[in-house]
Amino acid sequence: MVGFSQNEQTFEQANDLYNSGYYKEAIDRYDSILEADQHSAELYFNLANCYYKLNEIGPSIFYYEKALKLAPNDSDILNNLGYAQKMTIDAIQEVPEVEVSKLLNKTLDSLSVDGWAVRCIALAFLFVSLFLGYYLSYSETKKRLFFVSSSVVLIVLFIVLGLLFKKNSLDRNTHPAIVFVKETGVKSEPNLRSETSFTLHEGTKVLIIDEYNEDWLKIKLINGETGWVTRSELKAL
Amino acid sequence: MKPHILLLTFFMSGFLSAQVSFEAKVSKKRLGINERLRIDFTMNTDGDNFEPPSFKNFTVVGGPSQSINNSWINGTRSFSKSYSYFLAPKKRGEFTIGQATIEIEGKIYKTVPVKITVTAAIDKPKDPNDPNYIASEKIHLVAEISNGNPYLNEAITVVYKLYVAQNTGVRNWREIDNPRYSDFWSQNIDVKGINIQQGTYKGEDYRYVVLRKTVLYPQKTGKLSIEPLSLDVTVEVPSNRRDVFGRSFMSTVNRTVSSKNRTLDVKPLPESGKPENFSGAVGDFDFKVTTNKQTLNATEALELKVTASGKGNLKLFKLPRPILPSALEVYEPEHSEKVSTRTSGMQGTISDTYTVIPNFQGSYPIPKVSFSYFDLKTKRYRTVTSKRLIIEVSEGPKNTSGSNKNTPVTPTENIIPTNLNAFSSFKTSTNFQPITSEPFFNSQLFWLLLLGPFLLIPFIIFIVKHRAIRALDVSGNKLRKTTRLARKYLSDAKKSLGQKEQFYNALERALHNYLKSKLRLETSEFNKEKIEELLGNKNINSTTLEGFISLLTSCELARYTPLSTVDMQNDYKKAASIINDLDKQLN
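One line per chain: the protein sequences are A and B, in this order.
Numbering follows the working numbering, in which position 129 of the first sequence is assigned residue number 129; successive positions increment by one, without gaps.
Converting from the second sequence to the working numbering requires adding 237 to each position, the first position being numbered 1.
If you are wondering where the hints come from, they were derived from the structure by calculation, not from laboratory data.
Bear in mind that the values here come from a model prediction, so they are computed numbers and not experimental data.
Check each hint, because a few of them may be wrong.
Covered by chain B, according to a simulated footprint, are these stretches of chain A (three or more residues, beta-carbon under 8 Å) [said to hold, decoys possible]:
| hint | stretch |
| --- | --- |
| 1 | 15-28 |
| 2 | 38-50 |
| 3 | 78-86 |
| 4 | 102-116 |
| 5 | 131-144 |
Where is the CB? At the ideal position from N, CA and C, for every residue including glycine.
Can you build the whole structure from these sequences, using the hints too?
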């Protein structure tokens, strides 16, 4: 409990520094909270704001994405992330998706894995209470009402359970990362001799899909292009 | 005799007519522009109406001269007549000298056209018998090259000087062949007026005139030759004849003078330390990236200027393109050059001006732009990097996601949300959680909470069922009810120890209810005899029975007699032990 209040004090101090324009000092304070193994969406958000104010695109986008992971629907985070993305140089066109999969992805992204898990449990409880309501009530209309509603809830529960597992596997298999260097050449093979297939600039979000020894990561862009970059040029979320 | 002669003439004419030839002969088919060509049109039978071809592309410097050669050798007559012309080519290239025609014995004969190739001026072998030799000794055209071993793209100057000896004069000159600098970027520098200067040529005093200056930037490495310049000069040369005063007569000669073929050895730029973004700039430059404003409103235009200034091959390289955030609308740049060419090379400023329009508010960094060039002084590459600029776009249209799609230039569809509110400031409060927390999903608690409720279903069903069965059992219920009441009254009695009335009331009720439950008695049949009889039937031993009866009587008596707390306590203990005994014996 002592540790908690201390971190909150540091957070407030950092906010004061931010408010007075001492962004670098504020970043140091925020980082010290992270070093104490504590985090929160707000902490990442403020940290990202600091980097944005210092015009450091890479870290700024990195921490906004981190914040978004903890609070996927926060409008402030989405808004400021938009500002940071406007500073980036790469404009990568997304591969067009079918409406259905777009909707699915949007739904999946609206909650974190644990968020979905909590929803599942709430639905399980709701279902059980409705089912017992059906079992225990005597009047015909009540019984019917409880039965219909409990079966609807059961179907919803299964859907949400499916989404939960899908989201979990998605989170496990996609490792987004942010480009941290000003400019990097993406190679066609994991060595320095091979030719550069395209270049990326700071702040671009990529997906890590493979790795090779200590140094090389295979990345994929949202437009489907793939290539190899050195590990030090990216920072995984 | 007559027919004989006739026959002979017939034969002869037949013979002769078969032998008529009319040919064009040239002294050479390939010649330099500074050389001359002799063409002879020769026939072996006299003819009339000679028509020379049009010698276009050539100047007729001599001729036509006619010569007739008629000889009798061993009774055979050989005849030849020729028209000769001396031609000087006007320009380089391949030319055809057309057909000449002649009428011989009523027939028209034509020569075969001759192809002549005129090349660049060649060094003429010296011929002391040539009348132009003196002129050639006295007049020289020299191409002076500032640097015979330049780097690629390094400026060199070629100065053409016409040296004239002191005792000769030049009346007039005309350029007949302009060198083509095919492997160079070249620019002529106008020479204003003729400024006669004194100089030496091979140790002798000469006068000279600078005819032309050219700045060259080699575009290829290796050995490159500079083609000579050729001039047609009218020279006044002193002749051997002298007038009565001993002054020599000046004779006028037309001469073609050419500078010598010069070869340059162009060095490639060093490979070591060549920056990646090197675009071929060689010289000494200053590089800047500037904007005309730092803060502006959205949809207003901004000018971004990339400038390189200094000395070097300014017109021969491209300025680096700044890489701008994709959210900015950037139009094609306007290129402008303010470059003057002097003998030392190009000098001035080139710039690319980009029109940039930010559509939305925010701050946009313009990354550093690097420009590399090869510095000729230090013989090293140098990289100039501009400062990073930040454009602040203060006011922007909000919710303009529709208008963005109509913008003309950026074809890339931005993935960036366009309808942004103002930049949100920091958040003031937070709840921290450990970073390395175990995920809730797949934890034991998760599965327990997910499946627990389902296990609850059969459990609750079991309880409900059990209760229903018990609800059906009426007598059992009654029994349980009276037992419960008995217990209740007994505890009431215990509470009211010391208050005589209440205590014995409760005790009596407790005993009644106890019997009701155990013996299935109704309140109506409640009297001592009945109790005695029933308990006797149940084989209760006599001491317990008597104790029970005495308790009942003491309950009745107590209403009328004063009793102490100690008695009450004794009665309570007695009741408890009797109920205990009855419980044991009844079951």
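Status of each hint after checking the structure:
1. Under a criterion of three residues with beta carbons nearer than 8 Å to beta carbons of chain B, the stated coverage of the stretch 15-28 of chain A is upheld, 3 such residues being counted.
2. Chain B is given as covering the stretch 38-50 of chain A, and this holds because 9 residues of the stretch bring a CB closer than 8 Å to a CB of that chain, at least three being needed.
3. Under a criterion of three residues with beta carbons nearer than 8 Å to beta carbons of chain B, the stated coverage of the stretch 78-86 of chain A is upheld, 7 such residues being counted.
4. Counting residues of the stretch 102-116 of chain A whose C-beta sits closer than 8 Å to any C-beta of chain B gives 3, which meets the bar of three, so the coverage hint holds.
5. Restraint check on the stretch 131-144 of chain A versus chain B: 4 residues with Cβ-Cβ distances below 8 Å, three needed, restraint holds.
Against the hints set out earlier in the document, no violation occurs for any number.
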